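**Student:** Take a look at the letters that make up each chain.
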Amino acid sequence: MLVHFNQSLQTTRPGVEGSRETFAELSGRVVESLAALLQQGQLDQRTLSRLHIHLDWIQYRANFRDPIVVRRAFDAAGALLPLAEIAIDLRQVETLRLTTMLAEAQRELRRRPVPSSGPVEHAPLVLGEYGPLRDSVIWQFNRLFWQRLAEWEAASGQGFEAALPSGRSDANHPQAISDSVGDFWTLLRDLEARAQLPAEIFALEVGIGSGTRARIWLDRFKALDEQCGTGYYARLKFILGDYAPQTLDQALAAVGPHAPIVSVMAMDALNPFKTLSFLRFKILHVHLTNVYDNMPFDELVRRDGRLYMVETRPALSAAAAGQLAATLGVRVDEIPVLFRRLLEIGPEVFEDRTRGMSFWRCIWSALRLEERLRAIDDGDEAHVPSGLGREHIDELLDAAPHDVRFQVSRGAAESFANTLPLLHPRGYLQVQDIFVPAMDDYRQGFYGPGKLDGSVVSWVNGALLRAVGARAGYDVHFAPFRYRPGSKTMMLYTTQRD
Amino acid sequence: MTMTLPVLPTTVTGSYSMPEWLKRAKNDYLQRRVSRHDLDDMYDAVRKAAIKDQEVAGVDIISDGELQRDNMIDYFAERLPGVQVDFGSKRFYYDYYDSTVRSKLATGALGLVDEARSLRVLTDRRTKVTVSGPHTLVKRIQNLYYPSEEAFALDLGRVLNLELRELARAGVTDLQIDEPYYSGFPEDLPWAIRAINAMVDSLDAHVTLHICYGNRYGKPSWEGSYRYLFPTIAEAKVHAISLEFARRGDEDLQLFNEFKVPFKIGLGVIDVKSHDVESPGVVADRIRRALKILPAERLVINPDCGLVHLPRDVAFMKLAGMVEGTRLVRQELTR
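Chains as they are written, first to last, in our numbering: chain A, 1 to 498; chain B, 1 to 335.
Since the hints were made in silico from the structure, they are not lab data. As the structure is a prediction and not an experimental result, all values here were calculated from the model. Even for Gly, the Cβ is constructed at its ideal location relative to N, Cα and C. Hints may contain errors.
Example chain A residues on the side facing chain B (calculated, C-beta under 10 Å, incomplete) [as the list claims (entries may be wrong)]:
1. Arg50
2. Arg189
3. Leu279
4. Leu420
5. Pro421
6. Leu423
7. Tyr428
8. Arg471
9. Pro485
10. Gly486
11. Gln496
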């Protein structure tokens, strides 16, 4: 048996809220429980010898995992492989039930992988087929959330930012914005000294939130420009990009007196170049906050030298399904149909929209992703994001721990690659987000996805973006966000690669 | 072999499309997974393909595609006697080696003559050979010997001059010197031109000086106006200067109304940083606009820069569009 401690970043944290147990104590209890099961004959030596136990600490308490999950591995043709994993979210697990739950997981491992036909008591309610995470229904939920944000916020009684771990967005930190303006202004001065300052100074913000950051940024830029008499403000063309027209309207209102130099552009963050191709090589400053962590990704696993794709399928636990059915006054077997309708038309799935909102919020809260590992054949390239080659993934793996689970942040990579061509030769791109800067960092923690209010959030593979940047002529750097102690966000910034 | 060229002759700026598989092979060579022999075989195949594509597209003056070059620095740094190259310093072929000059450059052959001869065996078209200029090389080779960049550049000019003379002696009629770094360091221009003049001293060949805004990774390295070239550029003892106008627009053509220079202009009519293929009509229109400022006898038609970053089908179609657009204008001129 191999025990993977995916937690070193959290070792000093206390355990489950209300409990005094530390991560170390919880880990000890897992080993103790497994030894007890072995002693009692509930765990056989053969299974144990192949078993991988993963001790995770998932940052987002609201996530897609049960406290203990079983993962089995299959080859490309669907045949069962010997590899088996039990993953335990130590943040959620109830220690008093740990031994019982591990025994259940062990029984699950011995069960046939294909469920028998017909309903099985206590079996989860499966809501879809297995597939890569990029194709998961969680992205349909995510889209629904951003399209219907106002309704969600009205139902929850709080704004989206309140759901952030710190309760507010680091994007709007005044000192951070002020320093960002200062750096940009320094670049403009340098360009002017070289007689290379363009007549029009283009800046772009994508993922604009409420427009608060843009307002602070423009206020500071104008003040600095007036203070130094440089006349840059009059040449500034500030573009706000988002795919939601109501967000753009809100942001335009937020920038107030700066509106005459601000343009709002509806765009797909996956491909800003498509909308702004007329600004190719012209934008001097691009900023994104918390955009990449909300874009589709896949997860890959390497175990014993073999590469696997993490495949998931949506499900509700039997208890959650029963509770949901009771709350809504429907039968459990009606839930899958209502689930699909919800994703198609939104909370209008019920005539009573309040009931529809309740269904949406409840099923999202209860939604779990069952996982399995699908071996990747040598010739398979489906796991490689567009614009990259398999050799890039191989290069990432060369720098990764031997046993590793990591994101292939496909959406972030695509967005990044489709933003870089907008940059002026001296321009730069800044991204504030949650990054795993190097492949080796995956050794130190589990960086799985979570739920942030009604949206999806996941760590972004910084090493992948570094590979994308290098191919496009940019070096990619990461720096901690130093303006708020304990902030998990980092700053990505680009420099020209010579 | 000197062939008569039509009015508005067409040419390439140097490199041709680099296939993805060749990039992988170059990287594998650096990782010792591909032998030098195998890589040279691949170069031979892509050289022939590049020549054929240029011929079929109808380009008047062609190159060998330059796909054996990793980039515009290393190819020369490796060959310049006296430049020390750390061959372990890169994993990705397109990166630059760490290269250093620690003593006065020696005199020796760079190997371009053999390549030029093999090109002439493979085609009946008029051919050109391109060489990175002293200013560009100075910016990337670490100088631990010469008292100044200018001194290093002038000595590079001396060494490169010997190679260019050998090329001319071997029958090469068209030479091009590439200097993209001028646009990043316009303050260097006076001594950079002196280095060019050292490089072309007593040279019996048609020399074009190519000055762009960079094409590293298929993107510009700088932006601005060619105004910085004037009037100093007039001191360059070359026959033509080749500039990029397709991507940047042709506003700077007005500079030739403002300043009198003695040479021909290589008119960039193909944007090599975009995959959008210019139609013959677009190309023709770009040439017509230039003809309002310069006579046809003083124009050579070429892409903005090398085609190395474009997919092969795009590169080919762009060249074909350039040739056809030029033909349309030639027809108008003969009416």
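**Student:** None of the hints should be skipped; say for each whether it holds.
**Tutor:** Status of the hints after comparison with the structure:
1. Given hint, Arg50/A at the interface with chain B, is violated; its Cβ is 34 Å from that chain's nearest Cβ, farther than 10 Å.
2. At a threshold of 10 Å, the smallest CB-CB gap from Arg189/A to chain B is about 16 Å, leaving the interface hint violated.
3. For Leu279/A, the suggested interface contact is broken, since its CB lies about 13 Å from the closest CB of chain B, more than 10 Å.
4. With its C-beta approaching chain B no nearer than about 8 Å, Leu420/A sits inside the 10 Å limit, and its interface hint holds.
5. With its C-beta approaching chain B no nearer than about 7 Å, Pro421/A sits inside the 10 Å limit, and its interface hint holds.
6. A distance limit of 10 Å between C-beta atoms decides the matter here; for Leu423/A the minimum to chain B is near 8 Å, and the interface restraint holds.
7. For the restraint placing Tyr428/A at the interface with chain B, the shortest Cβ-Cβ distance is roughly 13 Å, beyond the 10 Å limit, so the hint is violated.
8. Given hint, Arg471/A at the interface with chain B, holds; its Cβ is 8 Å from that chain's nearest Cβ, closer than 10 Å.
9. Checking Pro485/A against chain B: minimum C-beta separation of about 38 Å lies over 10 Å; hint violated.
10. Below 10 Å, beta-carbon pairs count as interface contacts, and Gly486/A has none with chain B, the closest being about 37 Å; its hint is therefore violated.
11. Interface hint at Gln496/A: satisfied, since its Cβ lies 7 Å from the closest Cβ of chain B, which is below the 10 Å cut-off.
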